[in-house]
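J.: Given next are the chains, with one letter for each unit.
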Amino acid sequence: MPELKAALEAAYNMPDSLHSCSNFVWHVIQAFVPNQPYMVANDLVRFLARSNDWEEIDRDDSRKMADLAKAGALVVGGREETTNGHVLVVYPGDVKESGGYAYSSQGKTQIMRSHGIYARSMSRSLGSWPGAKSDGDKTVWDAWAGPKFERVRFWVLKSSKPAK
Amino acid sequence: MWSAALMGTACASHETPSFKTLSPTQCAPPIQAGYHATLAADWNTYKPYVRACPVGVSDGASAKLWLLTVFAQPYLDDHPGQTNWPDFPRPLLVTADGHCVARLPELFPFDEPRTLRLQYGPVVGDMPGEIRVHVSNPAAGGDYELPVLRWNPTQHAYIAQNNTDEYTKEDMTCRN
Chain L
1 MPELKAALEA AYNMPDSLHS CSNFVWHVIQ AFVPNQPYMV ANDLVRFLAR
51 SNDWEEIDRD DSRKMADLAK AGALVVGGRE ETTNGHVLVV YPGDVKESGG
101 YAYSSQGKTQ IMRSHGIYAR SMSRSLGSWP GAKSDGDKTV WDAWAGPKFE
151 RVRFWVLKSS KPAK
Chain A
1 MWSAALMGTA CASHETPSFK TLSPTQCAPP IQAGYHATLA ADWNTYKPYV
51 RACPVGVSDG ASAKLWLLTV FAQPYLDDHP GQTNWPDFPR PLLVTADGHC
101 VARLPELFPF DEPRTLRLQY GPVVGDMPGE IRVHVSNPAA GGDYELPVLR
151 WNPTQHAYIA QNNTDEYTKE DMTCRN
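Line order of the protein sequences matches chains L and A. Residue 1 is where the first sequence starts when you use the numbering used here, and the numbers rise one by one after that. Residue 1 is where the second sequence starts when you use the numbering used here, and the numbers rise one by one after that.
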């Protein structure tokens with residue numbers, strides 16, 4: 001198995017990942033599963049949901065997600081949308097408070113407050129929302145930053161899980 | 001991800017015939033607005049920031065339906081050191097005598113980082129027949145609509161028109 005952090009950093013800096021969540025996640029998965037085909041976010045979420053190689057884990061158990069990532073396991077989260085979904089990877093590190101980054105609303109700059117403690121994320125995004133762009137400094141919650149997180153699903157690649 | 005074009009369209013102000021848009025400028029502290037019913041204890045922490053907004057045919061003190069909500073932005077402006085999002089009570093739709101007829105899952109008009117646009121109409125008796133809420137959401141997934149609330153005179157309540165998690169949470173209980 002590849003070293004997770006190295007795989008994340010390599011994928012994060014691929015030219016076609018810079019503005020694409022799905023390209024970034026694809027490159028990470030390819031480090032573990034070389035024949036993984038590219039899929040847009042919505043298709044990847046549907047694929048993960050039906051794949052026997054991936055095991056769904058509890059969205060609300062961020063400590064478990066963080067522990068899996070710290071042990072080198074690949075954990076991918078995502079949510080389908082009617083237009084474009086979003087996908088990300090859990091970054092290896094301790095859980096942290098969400099928020100803490102600047103965003104613009106109603107003509108003023110605000111600092112996103114913490115809405116809880118979550119696992120760290122690594123993700124790229126085509127959109128401008130700062131919470132969806134993370135090199136480990138944001139959490140898995142920050143990409144959706146609200147009620148939409150309640151329908152986000154997470155899966156761990158079984159073959160990357162640490163031996164018990 | 002969402003497109004700038006879509007955001008622009010979604011944020012544009014428009015009135016559907018027979019529907020009115022509630023402007024935050026119509027909201028005022030309850031007593032000042034003419035709403036005199038008592039608020040539940042969990043609202044007291046945010047009392048200076050509670051606003052009553054007339055929703056319906058009549059404006060001001062004669063309104064039959066009110067939206068009670070905490071204006072989060074002035075609260076946050078007055079508490080710059082607060083790094084955690086407070087546990088604000090969710091907005092209530094109440095009749096003039098304080099009877100709760102529905103609860104909204106998100107704060108009007110601002111529930112970080114989202115802004116809500118509430119429309120109501122057409123009138124059934126003294127009450128708007130429907131409450132529609134559009135959520136402008138800059139985060140992943142983009143804008144969305146809350147389930148339409150439709151007035152049910154028999155139940156004397158607004159009933160969400162599709163079953164979503166947002167209206168089945170424990171803290172969505174209609175009480176005040």
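Quick caveat, the hints were computed from the structure, so don't treat them as lab data. Careful, some of the hints might be misleading.
[Stated by the list, open to error] Residues of chain A placed beyond 12 Å of chain L at every Cβ, according to the derived structure:
| # | residue |
| --- | --- |
| 1 | Q26 |
| 2 | L39 |
| 3 | Y46 |
| 4 | A72 |
| 5 | Q73 |
| 6 | Q82 |
| 7 | T83 |
| 8 | P86 |
| 9 | T115 |
| 10 | D126 |
| 11 | S136 |
| 12 | N137 |
| 13 | A139 |
| 14 | A140 |
| 15 | G141 |
[As the list claims (entries may be wrong)] Some but not every residue of chain A turned toward chain L, in silico, with C-beta under 8 Å:
| # | residue |
| --- | --- |
| 16 | N84 |
| 17 | W85 |
| 18 | R90 |
| 19 | P105 |
| 20 | E112 |
| 21 | P113 |
| 22 | P138 |
Built from N, CA and C at the ideal position, the CB exists for glycine as well.
J.: Which hint numbers does the structure go against, in order from smallest to largest?
T.: Hints 4, 5, 6, 7, 8, 9, 11, 12, 13, 14, 15 and 18 contradicted; others consistent.
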